[in-house]
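Protein chains in written order, with this note's numbering: chain A, 1 to 242; chain B, 1 to 441.
No lab work stands behind these hints, which were simulated from the structure alone. You can trust all of the hints, since none of them are fake.
For each label pair, taking beta carbons as the anchor points, the in silico distance ranges come out as:
no., chain 1, residue 1, chain 2, residue 2, range
1, B, A277, A, F138, 30 to 38 Å
2, A, P26, B, D427, 43 to 51 Å
3, B, T246, A, A33, 53 to 61 Å
4, B, A84, A, P200, 47 to 55 Å
5, A, R148, B, V208, 26 to 34 Å
6, A, R148, B, E191, 45 to 53 Å
7, B, G404, A, Q203, 54 to 62 Å
8, B, L343, A, Q203, 39 to 47 Å
9, A, G97, B, A277, 50 to 58 Å
The structure displayed is predicted, hence computed values, not measured ones. Beta carbons: idealized from backbone N, C-alpha and C, even for Gly.
The chain contents come next:
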Amino acid sequence: MNPSLAQVLQRPDIRRGDAFAVAPAPTLATGFARLDAELPGGGWPRGALTELLPEHSGIGEIGLLLPALAALTAAGQTVVLIAPPHGAHAPACAAAGIRLDCLRLVFPRRSRDALWAAVESLRCGGVTATLLWLDALFRGYLPANSLRRLHVAVGEGGGGAFCFRPPQLAAEASPAPLRLQLQAAGEQLRVKLLKRRGPPARQSILLDIARPAGFSQGVSHAVAGAALPDASDLRQRSRVAA
Amino acid sequence: MPAGDSPSGGRQTGIPVTQSDGRQSASLARTTAFPTPALACWAGRFTPQVNLAPAALRLEIAGSLRLFGGLPALLRMVREDLAAMDLAAQLAVAATPLAALWLARAGGTEAAICPDLPTTRAALAAVPLTALELVPPLARRLEGFGLRRIGDLLTLPRASLGARLGKPFVIDLARALGEIADPQTCFVFPERFEQGLELPAPVEAAPVLLFAARRLVAALAGWLAARNAAVRGIELRIDHGHGVTTSVPLAFSAPVHAATRIERVLKERLDTLVLSAPALALRLRVGHAEPREARSQALFDGAGQRHEALADLMDRLAARLGSQAVQGLACHADHRPELASRLSPDNPADKSAIKPPASAIPPRPLWLVDPPEALREFHGRPQRAGPLTLLAGPERIESGWWDGSDARRDYFIAVDSQARWLWIFRDPRPPGGWFLHGWFG
Numbered sequence: 001m002n003p004s005l006a007q008v009l010q011r012p013d014i015r016r017g018d019a020f021a022v023a024p025a026p027t028l029a030t031g032f033a034r035l036d037a038e039l040p041g042g043g044w045p046r047g048a049l050t051e052l053l054p055e056h057s058g059i060g061e062i063g064l065l066l067p068a069l070a071a072l073t074a075a076g077q078t079v080v081l082i083a084p085p086h087g088a089h090a091p092a093c094a095a096a097g098i099r100l101d102c103l104r105l106v107f108p109r110r111s112r113d114a115l116w117a118a119v120e121s122l123r124c125g126g127v128t129a130t131l132l133w134l135d136a137l138f139r140g141y142l143p144a145n146s147l148r149r150l151h152v153a154v155g156e157g158g159g160g161a162f163c164f165r166p167p168q169l170a171a172e173a174s175p176a177p178l179r180l181q182l183q184a185a186g187e188q189l190r191v192k193l194l195k196r197r198g199p200p201a202r203q204s205i206l207l208d209i210a211r212p213a214g215f216s217q218g219v220s221h222a223v224a225g226a227a228l229p230d231a232s233d234l235r236q237r238s239r240v241a242a
Numbered sequence: 001m002p003a004g005d006s007p008s009g010g011r012q013t014g015i016p017v018t019q020s021d022g023r024q025s026a027s028l029a030r031t032t033a034f035p036t037p038a039l040a041c042w043a044g045r046f047t048p049q050v051n052l053a054p055a056a057l058r059l060e061i062a063g064s065l066r067l068f069g070g071l072p073a074l075l076r077m078v079r080e081d082l083a084a085m086d087l088a089a090q091l092a093v094a095a096t097p098l099a100a101l102w103l104a105r106a107g108g109t110e111a112a113i114c115p116d117l118p119t120t121r122a123a124l125a126a127v128p129l130t131a132l133e134l135v136p137p138l139a140r141r142l143e144g145f146g147l148r149r150i151g152d153l154l155t156l157p158r159a160s161l162g163a164r165l166g167k168p169f170v171i172d173l174a175r176a177l178g179e180i181a182d183p184q185t186c187f188v189f190p191e192r193f194e195q196g197l198e199l200p201a202p203v204e205a206a207p208v209l210l211f212a213a214r215r216l217v218a219a220l221a222g223w224l225a226a227r228n229a230a231v232r233g234i235e236l237r238i239d240h241g242h243g244v245t246t247s248v249p250l251a252f253s254a255p256v257h258a259a260t261r262i263e264r265v266l267k268e269r270l271d272t273l274v275l276s277a278p279a280l281a282l283r284l285r286v287g288h289a290e291p292r293e294a295r296s297q298a299l300f301d302g303a304g305q306r307h308e309a310l311a312d313l314m315d316r317l318a319a320r321l322g323s324q325a326v327q328g329l330a331c332h333a334d335h336r337p338e339l340a341s342r343l344s345p346d347n348p349a350d351k352s353a354i355k356p357p358a359s360a361i362p363p364r365p366l367w368l369v370d371p372p373e374a375l376r377e378f379h380g381r382p383q384r385a386g387p388l389t390l391l392a393g394p395e396r397i398e399s400g401w402w403d404g405s406d407a408r409r410d411y412f413i414a415v416d417s418q419a420r421w422l423w424i425f426r427d428p429r430p431p432g433g434w435f436l437h438g439w440f441g
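Just chain A, with the same shape it has in the complex:
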């Protein structure tokens, strides 16, 4: 290659189509090497909105974020959950490595309050990651201009913003620079990069997220009590049926 051309290509404002754009802000490591390799900057973006579209809730969408959240809270950084869909279970969070004193939950009742709380949290320099479940509070879906507001807000705050959204929106346009579609694949999680800063991802990635390990049969956790007499039989039956 012509040396002067090579020099020009070194400039940060020139991007070649087959490479990642220069990440505008530092990132948060995802804890999954295969995912880091596919993300611009090598991790979850900071200062930009990330959309996560799980096929169904409960397939492991939080498991995807857990390593990053555990690392953040271990470092004393604050994570805010806005309008979580169910009650968070403290022992499970603690077992996943999340420091509970770094966790804040916000329960807005109206869509207007939810959006306001989300924008304020994203703009706050003291919050390193914000997880949002906003669509349920809106009739229909979160409007596109609200999503843009969120994106601008997180640009000011510089933290991570993870917006969980219904899977039907995969084909919709979005201001979020990173959009991931999540699908269950047995014990693993299939992550499809719908959109990223950089060349389109060719194939989806399979990630080994943390799954509840089976506990040994007959563990009596609380006051002594025998396991169900037909429990093993029942399990066998259900496996066979599956």
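With chain A fixed as given, assemble chain B onto it according to the hints.
The following block gives chain B in isolation, referenced to the frame of chain A:
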């Protein structure tokens, strides 16, 4: 800043400043009517030496100049505060308190800034004698002499002035000129802060109250600065007349002392407040002020700033959404899952409460469904959008016979047809049945 007489029959407020080398500089403000103790409290932000002259406030700013980055910066902050409180005031800075008072009363299109004695004396020469607010007989006599300005007085021999106009007047003149000392009595900041103000007109919309409340908050911030204190909670009382009041308590997650932070939280609270009747007056009260903690560590890594930003965010969220809408999470030692996790008010004081249990527990779901959702059973297998596959279990949890909510359950980890991971249990006691209790997420 609007100068001169205020349209609403305004009062004068002056501010003096002494310098450490014995020379004084003073600034005065002529303001619209405003309870002067509250204004004196506000002035505590700039200096602890505040003097309440008749209808004037005098601040000794010489000792504060370095802290605030010089006289222009200090004056800018004073002006900004006055503008934020919507107070029209005439400022003056002089080397002696009395000169500052006279200069401010004299008014003028722009503030007289005379930081040292020579400029003060020069400026005083042009001050009309009416600005001295002398007793009428004395004023008439001076007018009879044909004297209009202080400069006219200074050309006359001082001894004969004393003989004709009385010793006190000549002493005042000497004090203003810095020839003799002029000690001032300082305003004593009250032990407890409680200040109120009347609204010029009944206010029906709560957000509008913020504007008036700003004056009280500014007074509070000055009072806190003068006492080097911080507050965890304040109470705004809205008076509707006829003895009806609305109390608006504000709580902060950490002690605060800055006016901006108090104002931001107050704004969110007032934005959502609906007044039962028009408001006629406001009163701001502090129950308990605590000594301000020295700012420590975190000077270079910005952690202190982040911490403050976070506390500010949480206070504002709680003020707007209600204190129940912002929660932390804490573990609780109980085997029943619905009792093992508790929402705790923000900033749990007891750090041990958030510690996870020491012993390793079997897997628990991140989300708990409360109350548990009953599942259908078909051929002995739980169903939820198709049959569930049991992957692990059972885990027997049996507890709570002593407190009335006795639980006896066998928990299983299950996967449904859409590959969602569920935590379900079966109640072995009649009538039995399967229940969904959590999502692994």
